[in-house]
Each structure stands twice: as C-alpha cells, then as structure tokens.
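Once you've looked at the hints, dock chain B against the given chain A.
Single-letter residue listing:
Protein chains: 2
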Amino acid sequence: MTGQAIDVVGIGNAIVDVLSQADDAFLEAQGLPKGAMTLIDAARAEELYSAMGAGVEMSGGSAANTMAGLASLGGQGAFIGKVRNDQLGGIFRHDIRTNGLIFDTPAATDGLPTARCLIFVTPDAQRTMNTFLGASVALGPEDLDAELIARAKITYLEGYLWDAPAAKAAFVQAAKIAHEAGRRVALSLSDPFCVERHRESFLDLVEAHVDILFANEVEICSLYKAADFDDALQHVRGHCEVAVLTRSEHGAVICSGEEIHVVDAEAVARVVDTTGAGDLYAAGFLFGYTRGKNLHDCGRIGAIAAAEVISHFGARPEVALAALVDKHLGHT
Amino acid sequence: MTGQAIDVVGIGNAIVDVLSQADDAFLEAQGLPKGAMTLIDAARAEELYSAMGAGVEMSGGSAANTMAGLASLGGQGAFIGKVRNDQLGGIFRHDIRTNGLIFDTPAATDGLPTARCLIFVTPDAQRTMNTFLGASVALGPEDLDAELIARAKITYLEGYLWDAPAAKAAFVQAAKIAHEAGRRVALSLSDPFCVERHRESFLDLVEAHVDILFANEVEICSLYKAADFDDALQHVRGHCEVAVLTRSEHGAVICSGEEIHVVDAEAVARVVDTTGAGDLYAAGFLFGYTRGKNLHDCGRIGAIAAAEVISHFGARPEVALAALVDKHLGHT
Numbered sequence: 046m047t048g049q050a051i052d053v054v055g056i057g058n059a060i061v062d063v064l065s066q067a068d069d070a071f072l073e074a075q076g077l078p079k080g081a082m083t084l085i086d087a088a089r090a091e092e093l094y095s096a097m098g099a100g101v102e103m104s105g106g107s108a109a110n111t112m113a114g115l116a117s118l119g120g121q122g123a124f125i126g127k128v129r130n131d132q133l134g135g136i137f138r139h140d141i142r143t144n145g146l147i148f149d150t151p152a153a154t155d156g157l158p159t160a161r162c163l164i165f166v167t168p169d170a171q172r173t174m175n176t177f178l179g180a181s182v183a184l185g186p187e188d189l190d191a192e193l194i195a196r197a198k199i200t201y202l203e204g205y206l207w208d209a210p211a212a213k214a215a216f217v218q219a220a221k222i223a224h225e226a227g228r229r230v231a232l233s234l235s236d237p238f239c240v241e242r243h244r245e246s247f248l249d250l251v252e253a254h255v256d257i258l259f260a261n262e263v264e265i266c267s268l269y270k271a272a273d274f275d276d277a278l279q280h281v282r283g284h285c286e287v288a289v290l291t292r293s294e295h296g297a298v299i300c301s302g303e304e305i306h307v308v309d310a311e312a313v314a315r316v317v318d319t320t321g322a323g324d325l326y327a328a329g330f331l332f333g334y335t336r337g338k339n340l341h342d343c344g345r346i347g348a349i350a351a352a353e354v355i356s357h358f359g360a361r362p363e364v365a366l367a368a369l370v371d372k373h374l375g376h377t
Numbered sequence: 046m047t048g049q050a051i052d053v054v055g056i057g058n059a060i061v062d063v064l065s066q067a068d069d070a071f072l073e074a075q076g077l078p079k080g081a082m083t084l085i086d087a088a089r090a091e092e093l094y095s096a097m098g099a100g101v102e103m104s105g106g107s108a109a110n111t112m113a114g115l116a117s118l119g120g121q122g123a124f125i126g127k128v129r130n131d132q133l134g135g136i137f138r139h140d141i142r143t144n145g146l147i148f149d150t151p152a153a154t155d156g157l158p159t160a161r162c163l164i165f166v167t168p169d170a171q172r173t174m175n176t177f178l179g180a181s182v183a184l185g186p187e188d189l190d191a192e193l194i195a196r197a198k199i200t201y202l203e204g205y206l207w208d209a210p211a212a213k214a215a216f217v218q219a220a221k222i223a224h225e226a227g228r229r230v231a232l233s234l235s236d237p238f239c240v241e242r243h244r245e246s247f248l249d250l251v252e253a254h255v256d257i258l259f260a261n262e263v264e265i266c267s268l269y270k271a272a273d274f275d276d277a278l279q280h281v282r283g284h285c286e287v288a289v290l291t292r293s294e295h296g297a298v299i300c301s302g303e304e305i306h307v308v309d310a311e312a313v314a315r316v317v318d319t320t321g322a323g324d325l326y327a328a329g330f331l332f333g334y335t336r337g338k339n340l341h342d343c344g345r346i347g348a349i350a351a352a353e354v355i356s357h358f359g360a361r362p363e364v365a366l367a368a369l370v371d372k373h374l375g376h377t
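Chains as they are written, first to last, in this note's numbering: chain A, 46 to 377; chain B, 46 to 377.
Isolated chain A, as found in the complex (with noise of 0.2 Å):
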C-alpha cells in the first residue's frame, strides 16, 4: 500500500494546550498581547502556568488542528511534528493517531519536553497564546517522511515553525520534495508577529515555494506591509496559485489567477472560545481542494469548520465535521 496517495500532509509543531478562562486584567497584569501568540521559555511558562487558574488540556499545534479537521471531514491525512518521550507527548500521539491520522515522527528521547501552548480565553471568546516550544524545536531535516511528503496531494506548513532555524530547514526540504513529486504546498502564515519577525524570509518562501497560500487580514497587510485589505488582495494577486485571505466574521476572499471569491462566514449561534479558528478553516479548504470542489465550495467547507470550533472551548473539533459539511451543503 505505499505510494498510495493521501490528501494532506501537515507539519508543525506539536503541542498540548492548557485552556484556561481568564479576563482582561490577568493579561494585563501579565503583559499578555491580546489576540496573539506569543513565544516564551521553560522559565516564564512555569512562571505563567502558577498565574494560571485551573486548565484542561487538549491537543493542538496548529497545522495539527488542521489535520485533525481534515479528518474529522473524512480525509486521509498525516502529520510530521515533534514530541518528547513524556506523557504530554503520549497525549498528543494518542490523540491525532485515534483520529486516523499516521503520525510517525519519533519522539526525541533527551532535550526539552513536549511543547505546551497556555491558552488564556477571555469572555469576549478571544484567545491569547502563550507557547513553549519545548521538544518541537528539535524537529529537522531528518525528521522529514520523504516518502509520505511525495503521497501527499497537498504538503501543509506552518508558519509558527518559521521560528526555529532546523524546523525552517525542514520546511523547504519538505517543500522541495512535494514539488519534486509533483504535489502542491500550502502555507498559514500563522500569526501577525511571526510575519513582524520574518517578513523578508516570508516574502521569498511565499514566491519560491508556496502554491496555496492562508492569512488572515492582518497577517496579510503586514506581510505586504499594505495599507488595506484591498492594498493586500492587489499584492498577493500572482504571488501565488491561490491565496485565501480569512476575515473572521466577514468571511474570507479566495484568489486565483483572475478568479476572485468573496465566501460569507457561517453563521454562529454563540462563539465561546475562537481558538483553532484559522486552522479549521484551512482543513475546510484543504479538505474540499483535495477533492476537487471549485474554490468558491472550498471556501464554504473552511467556513464550516471554522464555525464548528469557535462554537466551544478547545481547537478540535467536537463533531464529525463530514456530517455538518453535508447537513450545510449537500452532496456536492
């Protein structure tokens, strides 16, 4: 069965989230930016996590919610992420693998241990991050399934793994060997600060590597340092085969060529906790990509998805996503 082809591959970094409800005054008195991910070390996570109130924890890593949407949508996925041999990094080997994902990367046996992602959200349904990357910095170049990357339809990246100089090595290698197996690579840009700190190197890995391209709004004005979302949109325009530009509420604008769509946000009864917002979104898209929807239906499936996980606390979803595409959409 090798050399079976799958829809996507996703690589990240992987993490364990620490939810926990916290208001606008903790992160103040934190110093926390709200909205925002934020990189700290072993110190000030220990330091944040006695701050914290009581948490629960769930899997994350944000090509990793994706993954796991992607298969909560009936897709054939993997993921390539790096854990230590600690009992956080079992959590998040059990969990994306009983989602039917292959995930085979070897956990490292010395270092640092499986990277946490203390999440603060407030009652306006925000989420603040606070990440300690831990094991998955150690993720490089040898890590990488050649194999697998070449079966995957689509190679998925994250931004966030940008951070860290092995990971970023790995990142265009898996982009090499996806193009050289003829597939496709897509990249989240993740985060604005993470496009503040590596514009230039974003810029030429958007132009040298990347076929299908996500950001929200304001990742998108800061990459291209855009005065507007429609300043953006002209930017991005042929910098690569498809850019989907989310906007929260305001639904997303997905590019291609000559083709633009402007896709409505699913609608919400109540959005409780809007972590894995982005990610879901991307899993919608993929997801619908890999099957050959045109872009338009692509959008309405991120949509979806995207809708399903702000809806309650935690980045995954609660519900077989296959299940809500065809209640919302049909049999398309």
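Check each hint, because a few of them may be wrong.
Listed below are several chain B residues computed to face chain A (Cβ distance under 8 Å; list not exhaustive) [stated by the list, open to error]: (1) V101; (2) E102; (3) M103; (4) D131; (5) Q132; (6) L133; (7) H139; (8) D140; (9) T143; (10) N144; (11) I147; (12) R361.
Simulated from the structure, these hints should not be mistaken for laboratory data.
The C-beta atom is built at its ideal place from N, Cα and C for all residues, glycine as well.
Just chain B, lined up with the frame of chain A:
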C-alpha cells in the same frame, strides 16, 4: 497562622481524568459496566487508551473534585493524596492549588505514574469510569499531615480509597486524628462495586468512625443489602450522625436522629455529563454544614453545585459556585 481552622480536608485518590465521548456499542465491545467505576491495571489502561478516541485531560479524583467545589463555594479546604513527580502529577498539583486549596502531600519519586481515569461519556450523559490507580495507592499513614487534619472541621474520605491497603490504614488513622481533635469525619461510599467488594469493612468503618455518610441509592441499598431505598433508610438511621442519601433527579434524603428532610434536585436545562455529580453534591452539603446551615439548606447547596457540574463536560465547576448559590438561595 498554623492552627487556624479550615473547613474540610479531603483525603482521596489524586487522579487526572481523560474524558472522551463514546457510544453504548463501544462500552459493550470493551465489556465496560455502564455507569460504574472499574479498577484497571497498567496493561489494561494502555489497551483501553489505545481504543479510546481523542481525549480531554482534566484534574479529577472524587474527594479532590469535592474540595475544588468547596473552594468554588468560598470554603477553606485542603487535599491529601499521592501523585508521582511526572507531568500529570504536575497538572494535578497546579489545578488543585490554583483553586486555592492547600495541597502539600509530597509526590512519589519512584514507582507507578500518576493515576488516571479513562472516562467514557455516552450520549445519555452517563459516565463510565476506568481507573488506573498508579501512584495514588502509594498513599499511606506517613503522608497524613496530622496538624492539618486536626485543623479541619471535617475530614472527608472517599470510599474509592478503601481499595488499597496502605490507604485504608491512612484512612482509619486520619479518622482517629480528627476525632481526637474533636472534629467530624465524613465518608462517601463512592461506588456500588466498591461497596460490594468491602461491605463488611465499610459497615465497621461507618459504625466506628463516620459521622456524616454520603451515599447514593444503589450504594446505600448495597451496604445494607436492603430490598429498597426505604428499607436502606431505616437501616442507616442511628448508625451515623448524618446520612446524606442522593437519588439523582429524585433529589436527596437527609436524616439525622429524628430529623428527615427530602430535598428536591435542582432543575438542569440539559444534562451533558454526570461525572462529578456526587462529588459536587458533597461539596455543597459540606460547605453548608461547616457554615452552620440547617440540613435542608445544606442539601439545597449540594443540589445547586451538582446541577452546575452535570450541565457541562468534566467533574469540576466551570463557574464560581458561590455566586450561583447566592443567586438561587440568597444570602441565607
């Protein structure tokens, strides 16, 4: 400040829950008795975890849940229980301390890992629990903080602890310390299978050491091999100072000497997960009791706390119970 009274010290298994949704067919295929707590060994825990879907990890443990509820109600509490010095042990310690509870039992530095409970929640909101006791069975008399127990108005013991020999000894010794200090001892029977396994010794324990007994209908009937609830009620009267007998949606019956109160259950819009219902009932009752409320009001507070915890996934309160009680009962 040592010597200052606290409300309750709970002694129990220090467990991290792993919650997952499952259907009846899964329980049947795995041979799991629905609604019960089954003790499992390391190998079975591994096997069952492999078969389990993606989980959510949260601190649990029966008496520990009760203490978390007590703290949420505004009570001063402490917990005694054994974790290993591993990641799950760290999570357990963080969560209970961040609730404002005293927890100073040293972690085991070798032996089995921190206990975990694999919980399957079926669509009817029932929970089926499978506990790998791990490090928690290492709790022994040497872990008791006699000064802490003497300071607590009530020492609260979970029946689940009665499965491990060293813990049993700790249990009896704690009761003695409490009584010598002129304090009260409470016990929860925890589980009908637990009562089955240890009926005779539980009867001795209740007779010799317990002032306040918590049991649900099945447990109290099992303890006295009673034909029905009313029969069990007649047996328990006079065998301990207060008996708190919970009957799920049928409310609770509380008896003490000649006093008998029938207290209705609190209405719940939608029961999501019954995990922790009994633990939180005990929390509410004990909080009221330590504050000198009458038995009917103690039962009402128990019902309010239980109603909150069954309205969401997980065994610990999601909102400040003190505010909830104020809203329902007023400042009594």
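These are the hints, each one checked on the structure:
At about 5 Å, the closest approach between the beta carbon of V101/B and any beta carbon in chain A falls short of 8 Å, and the interface hint on this residue holds. The criterion of a C-beta within 8 Å of any C-beta in chain A is met by E102/B, whose closest approach is roughly 4 Å, and the hint holds. The beta carbon of M103/B comes within 5 Å of a beta carbon in chain A, closer than 8 Å, and the hint placing it at the interface holds. A cut of 8 Å between beta carbons decides the hint on D131/B: the least distance to chain A is about 6 Å, and the hint holds.
At about 4 Å, the closest approach between the beta carbon of Q132/B and any beta carbon in chain A falls short of 8 Å, and the interface hint on this residue holds. At its closest, the beta carbon of L133/B sits 5 Å from a beta carbon of chain A; the interface hint therefore holds under the 8 Å criterion. Taken as an interface hint, H139/B checks out: its beta carbon lies about 6 Å from the nearest beta carbon of chain A, inside 8 Å. Restraint check, D140/B versus chain A: the minimum CB separation of about 4 Å is within 8 Å; hint holds.
Using the Cβ-Cβ criterion of 8 Å, the hint placing T143/B at the interface with chain A is satisfied: the shortest such distance is roughly 5 Å. Residue-level restraint check for N144/B holds (minimum Cβ-Cβ distance to chain A is 6 Å; threshold 8 Å). With 8 Å as the threshold, the beta carbon of I147/B stays out of range of chain A, its nearest partner Cβ sitting at about 15 Å, so the hint is violated. Here the hint on R361/B is kept, as its CB sits about 7 Å from the closest CB of chain A, short of 8 Å.
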